[in-house]
Structures are given as C-alpha cells and as structure tokens.
Amino acid sequence: MAGARPAYDEMWGAGGNAAGTAPTPPYRDYCAWYDSADPAFLKAKAADCERIFRRTGITFNVYGQEDAAERLIPFDIVPRIFSASEWRRLARGIEQRVRAINAFLYDIYHRQEILRAGRVPTQLIASNKAFLPEMIGVDPPGGVYTHIVGVDIVRTGPDDFYVLEDNARTPSGVSYMLENRETMLQMFPELFARVRVREVSDYPRLLRRSLAASAPRASSGAPVVAVLTPGIYNSAYFEHAFLADQMGAELVEGGDLRVVDGCVAMRTTRGYRPIDVLYRRVDDDFLDPLAFRPDSTLGVPGILDIYRAGGVTIANAPGAGIADDKAIYSYMPEIIEFYTGEKALLSNVPTWRCAEKDALAYVLEHLAELVVKEVHGSGGYGMLVGPAASAAEIAAFAAKLKSNPDNYIAQPTLALSTAPILTDKGLAPRHIDFRPYVLVAPDRIEITPGGLTRVALREGSLVVNSSQGGGTKDTWVLED
Amino acid sequence: MLGRTAGGLFWMFRYLERAENCARLIDAGFRIALTRGGSGAGEWESIAATAGVSAAYARAHEAFDGPRVIDFLLRDRRNPSSALSSIDAARTNARAVRTALTREVWEATNEAWLILRDVLAEPVGEQNLPEALALIRREIAQVRGAFEGTMLRNDIFNFCRIGAYLERADNTARILDVKYYVLLPSPALIGSSADNVQWDMILRAVSAQRSFRWLHNEISAYGIAQFLILDRRMPRSLAYCYAELVENLKNLGAEYGFEPPSTAQALTAQRRLNERSMDEIFAAGLHEFIGGFISANIDLAASIEEDYRFFG
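Quick note, the sequences are listed as chains Y and G, same order.
For the first sequence, the residue numbers in this note's numbering are 48 to 527.
For the second sequence, the residue numbers in this note's numbering are 78 to 389.
It should be emphasised that the hints constitute simulated quantities derived from the structure, not laboratory data.
On a predicted model such as this, the values are computed, not experimentally measured, just so you know.
We put the beta carbon where it would ideally sit given N, CA and C, even for glycine.
It is possible that part of the hints are untrue.
Stated by the list, open to error - A few chain G residues facing chain Y, derived, Cβ under 10 Å:
no., residue
1, Trp183
2, Val323
3, Lys327
To be verified - Covered stretches of chain Y, as calculated for chain G (at least 3 residues, CB under 8 Å):
no., region
4, 91-103
5, 278-290
6, 300-306
7, 371-383
Unchecked claim - Below, in silico cross-link-like pairs of lysine to aspartate or glutamate (DMTMM-like), each with a Cα-Cα straight-line distance of 25 Å or less:
no., chain 1, residue 1, chain 2, residue 2
8, Y, Lys404, Y, Glu389
9, G, Lys327, G, Glu188
10, Y, Lys92, G, Glu188
11, Y, Lys447, Y, Asp471
12, Y, Lys176, Y, Asp82
13, Y, Lys92, G, Glu203
14, Y, Lys472, Y, Asp95
15, Y, Lys449, Y, Asp490
16, Y, Lys92, G, Glu181
17, G, Lys327, G, Asp384
18, Y, Lys176, Y, Asp186
19, Y, Lys92, Y, Asp308
20, Y, Lys92, G, Asp254
21, Y, Lys90, G, Glu225
22, G, Lys327, G, Glu365
Sequences are here, hints too, so could you generate the full structure?
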C-alpha cells in the first residue's frame, strides 16, 4: 500500500493485511465464509446489486447534474462488522451525547444556564443562523427536540472512536441501512445462517412508535403521522417515500398542507384532515414562509404558530440545528459534562475555531495538514482536505479563510480506518465512516444496532460523501 | 388518501393507457402503409389526428410522412403524448405516489421505464418497429398484471381504474371520430378493398381483429361501429369503459359515504350509451354523437379532478 502509515483496518487490525495475519475477532466467521466462496460467484453477486437497486429505484438526485438526474449509490458487498462489545461501548457514548443534545436545546431555548455559566460563549448562539429566536420559551411536545439523530463516527484505532458531527436536523441515509441489509439477505442467505447479525428491519416500526409517542397531548386516538418531503426532485426523495411507506404514514408536500381550524391539515380526497406529527425532511428555512423564507413553497404558511400553540409536533423541532452546528461542535465535551455530570464517553475531534485569532493563525500555518470545513456546510462541499490539495488550492482556500474566518473550523486529518471492498483484484482497503441512527421519544432512546457505513471508493480518498464518489456497505452488529 | 395522490394515480394510469394506445395506433398505421405502398400521407395525417397531436406535429414538421409521424408518435419529447413522453409521465407520477403502490407495481413501472427509455433512445427503424411496439405493449401489460394481482380493491385501485378507462374511452372515441366516414352505412362501397383496409386498421388499433371475427361472420361498417360503441363484451368499447367508470365511481362513493356530482355525470353519459340502438345513433348522426361523447368525457375528467381534490 502507498502512503505513510497504514490506517487501522476493520478486518485486519493495525498491521494491515500482511501474510499470515488473522482477521479481527468480529470478522472471523465472515472471513471463513469468504475464503470458502468462489470468487466468480462473489463477482456475479456484486454485479447483481446494481440491477436490484436500479429496479427498486433506490436512487438519489445530484443537484446541478442534469444528465445524471437519478444516480445509484454504489454498494459494496463486504459488510462492515462490529462486535457486540464494540457496539455496547459505542451505544453508551451515543446515548449520552443525544441526551446532552436535547438538554442543551431545552436550555438554550429557555433559561440558557450554560451561557450564564460561561461554558459556551453567548455570542456564538446570538449570532448563529441556526438559532431560532421564534423557539424561545416553546415547549416541544414530550420535551423532545431531536426525534431522529444521526451521529457521524470515525475510527482510527482498535479503541479510538471519534464523533465527527452530530446530525440533529434531518439526518438522511437510514433507507440505505435498511435496503443494504435487505439486499445482503437476498444475495447471501447462507451467510446469515452462519453469522448471527442483529436485525435492523424494526427501524420503521420503532420510528413510527417514537414519533407517535411525541404527539401533542391534545390529539385523541392514534396520532396521524405524515412525512413532509420537498418533492420528487429532492436528492433524498427515495428515502422520504420509503420511510412513509414503511411506517404506513402519508407522504405529503407543502402544497398538500394548510392550516385549518388551528390544526395543520392535509388535503385528502375527502377534504382536509388534521395531522398530529409531521416528520419533516425540509430545512427550517423553508418550513413556514410566514416565519422564515417568504419565497418558500415547500412549507406550510402558519405552521410555526400552530406548533408554538402545541397543535402539532414537528420532528425534528425547528431550531434543533443549533446543536449540530460545526462551531458548537467543538464545545460538545463541555456541553455533555454540563448536562450529564459525566465526561464524554465518545471523543470529539480536536477542533480549531477559526473565529478565534490564535486558532486562525495556527490553521493558516498548517493548512496542508488540516481539514477545513464550513461551519454550516454539508455533503462534503466547500471543504479543504489539506494533504490531498495542491499548493494552488491551498492558497485559494487561505484567501477565502482570511476574508471570512468565522465561517470555518479546522481539524487534523484523521487516519480514518479502512475496511476491505471487493474489487476486480479481490479485497482492497478503503476508508470508511459510520452513521448510526438514534430515535428519541419522551420516555426512551433507541439506537438501531447497525447504521450506514459510507466508503470512499477511490483508493486513498478520505471523502465518503455519496455526491462525491462514495459508496455504502451493510453494517453488522454481531449478537453476543 | 391525499388528493394529490389520487391525482397521481389517475394520471399514472392515463399515461400508461395512452402509451399503449399510441403503440397500437402506430402499428395500425404501419400496417396500412405496408399493404398500400405509396406515401400514404393522408393516412399518416389521420393517424396523427387520432392521436390528438396534429397541431403539435404541424409545429415540428411540414409534411406528413411515415417515418416522421412514427418518430413523433413514438419518441418525440416535443410531443407530450408520444409513447416515450407518456411512459416518462407515468413513471414520474408513479414515483410521486409510490407509497400507494405495491412494490410489484412500482417495480414493473420502473422497469418498463428503464427498458423503454433505452429502446426508444434512438429513432427506431422500420425493421425494428414491430418489435419495439410489441415491447411497449408487453411492458405495460406487466404493470397491469402486477396491478391486477397485487393491489387492494380500495380507493387507490378505483382512482387508477378511473384514469385508465377515461383515457381508453377517449382513445376509442377518437379513432371513431377520425374514421367515422368509413363507418357510415353506404351500400355502394361495401366490400370495396379500400374500406376493407380501413376497417382492418380500425380493428387493429383497438386490438380486436380476432375478437370481432369471433362475434361477426362478416366484416361491415355497421358491425364495427356497433362493436366499438355499444358492445359491452369488448374491453375497449365506449359502453364497456363507461360500465367500468361507473362501477369504480360507485365503489368510491360507497367507501367514502358520499356521491359527488361526477358520479351522476358518469351515469348520465352511460345512459346515453345504453339507451340507444346503433340505428338511432346513425339516424341522429354518428359524427355528432362521437363529438358529444368526447366532450362529455373531458368534462367528466374535470369533475372528478375537482370532486376528489386532485389539485386544490
């Protein structure tokens, strides 16, 4: 392998795949199966996947690419595997984090104790676009702000996990967790008879139960749940339709909704019917043209008033984005300690906030070693990966950084772990990350044993985003 | 169900029906051109008229000739009713309402779109035309088969059916409208070869050459008109389409507990078909009868859209 020090490999451990190395414990049974499988059979199965995905219509749309309006995310057939003990450890850390995030959001929209205590700078909140003054003093039904959270986690060593990002707005990708597993079950039934893997297929049922449990108290009978999508041209439309389908919920667009008699209601063939819980996959900005962007046609005029009066549940709550803001991220260890009284179980990646003068100076000096991200960016756009960038790219980025330092944070380039993918020449390591999905209800937090493993398909690449050549893998959590 | 979903299902099935009818119409025209020789410009013009695309065609091309009309009907994106545009539109609607469809129906629709999009990516030469047309029919038959075999018989099913039969009635009526003159009883012309070709073309356009022969010993204008308008055994006749429409609208009424104005409108249109003999229709004027039917069918579609809140 080219490169300085080989990254930790999920299958082969710290040493990489040298001759005679034994696979790491979670991969033992899988490797035994793999070694006994005919390579031609595996290749044929890998080719089948694309056909299955295309026929099922598991596609995503890439913005600004007319010709490739609907693309497939490449799927690799070699699973990423966690042992039961690795998972227990991760799950504890994730749950702690998600509890802290909800406590933080309640506090930040009520008494703001954490600001008074000086643990997070007031200015960071006040000047933040993700902070919604409209939410001050509002009590979301059941006290839940983030009904669905997707925590992005990377690994650098056997015991070294880092949280890259807490997605507290509308984390996507869970449909891939479910469809990837479904595809694997279809293709390799015998493998699942050999290796005991925990189920993920319960997620839609748990999601529905969790959302229903957060319904406004006033609603009587079984709560009506709907998924709000921007429409069929949105990049994640497949997922919106998939989740609505699996939950047995209505899939609605802004044009279907209206405020009627103090309720948010959908236009049915029999007239307007009230909705209790709206799982929205539309950003805050577009949610209510009366409160936010007046040109938005994706939202519902007046929905925020109904929400504030307790007439509807919006999941995730408007304004929840203040918790996953990249500038806030660097304070997560303090935030966790402040609300839970415990040290954070999962580490943060050390982060330089470019808004701070000393940090900016350091970052400018070390651009070639760092990853620099926009505070509000997502999808891997607008970021600089120092070690992979040319001198000209670095110079251009330095100029951007100097002109608007508040907009950026920087982190060291982590040696992301690798996992093998199946290539024409057999197994080859590629860098991966991981997003587990967490459901928060008023009375419980549930973490599905699995998640979305994204993989950078290009050799050596660290960018796993699907819009930039990333693929996905099935993620296994083994039974004890 | 959401009004938008009902509208999406309705249009998905209208477009599927339209794509299939379009393929049949091209097939019929192609047959005439083959048997007749010559340019057949008049025939192709009437086929464009039957497909309801004369104006759009005139904007795109100057003269009517076989290859151009075929291409325009088959795959031209400037023609919103071409087979390819219709399949696109059917699939876009299906995508928007996929939560209302079984996995089988969605996958059959998506697969039809994937396959036909490739087959129709380039102009289809005469040699490959019969095969391409058969493929369109087969792919759509698969969607229909999945639909028949897997969908619940509820309001979702009813809206799909209503879309399909409104479109089908419109299609059959248009064939009659364009070809009415060859169906007028005129003793002098019976048995002439020109008419035989025309009659065959009409039957072919509704896939009924064989079934017509099962029922009629002799091919005649009167028999064909009767078959396409009043025969309730014929699945593309106006009477059959309206029997289906009325039944599905009534099922909706029963499920929803109310009968909106569109149901009464469909019943009135059905009565106009059931209460008249072919002689009476000829006496009152076939052309006028069909014209009246087409506009009543369009009105009915508009009422259904309004009654069930497809758009607002």
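Right, here's what the structure says about each hint:
no. : hint                : result
1   : Trp183              : 7 Å, holds
2   : Val323              : 18 Å, violated
3   : Lys327              : 15 Å, violated
4   : 91-103              : holds (count 3)
5   : 278-290             : holds (count 4)
6   : 300-306             : holds (count 3)
7   : 371-383             : violated (count 0)
8   : Y:Lys404 / Y:Glu389 : 30 Å, violated
9   : G:Lys327 / G:Glu188 : 33 Å, violated
10  : Y:Lys92 / G:Glu188  : 20 Å, holds
11  : Y:Lys447 / Y:Asp471 : 41 Å, violated
12  : Y:Lys176 / Y:Asp82  : 53 Å, violated
13  : Y:Lys92 / G:Glu203  : 38 Å, violated
14  : Y:Lys472 / Y:Asp95  : 18 Å, holds
15  : Y:Lys449 / Y:Asp490 : 46 Å, violated
16  : Y:Lys92 / G:Glu181  : 22 Å, holds
17  : G:Lys327 / G:Asp384 : 13 Å, holds
18  : Y:Lys176 / Y:Asp186 : 21 Å, holds
19  : Y:Lys92 / Y:Asp308  : 55 Å, violated
20  : Y:Lys92 / G:Asp254  : 54 Å, violated
21  : Y:Lys90 / G:Glu225  : 36 Å, violated
22  : G:Lys327 / G:Glu365 : 29 Å, violated
Of the numbered hints given earlier, the model fails hints 2, 3, 7, 8, 9, 11, 12, 13, 15, 19, 20, 21, 22; all others are met.
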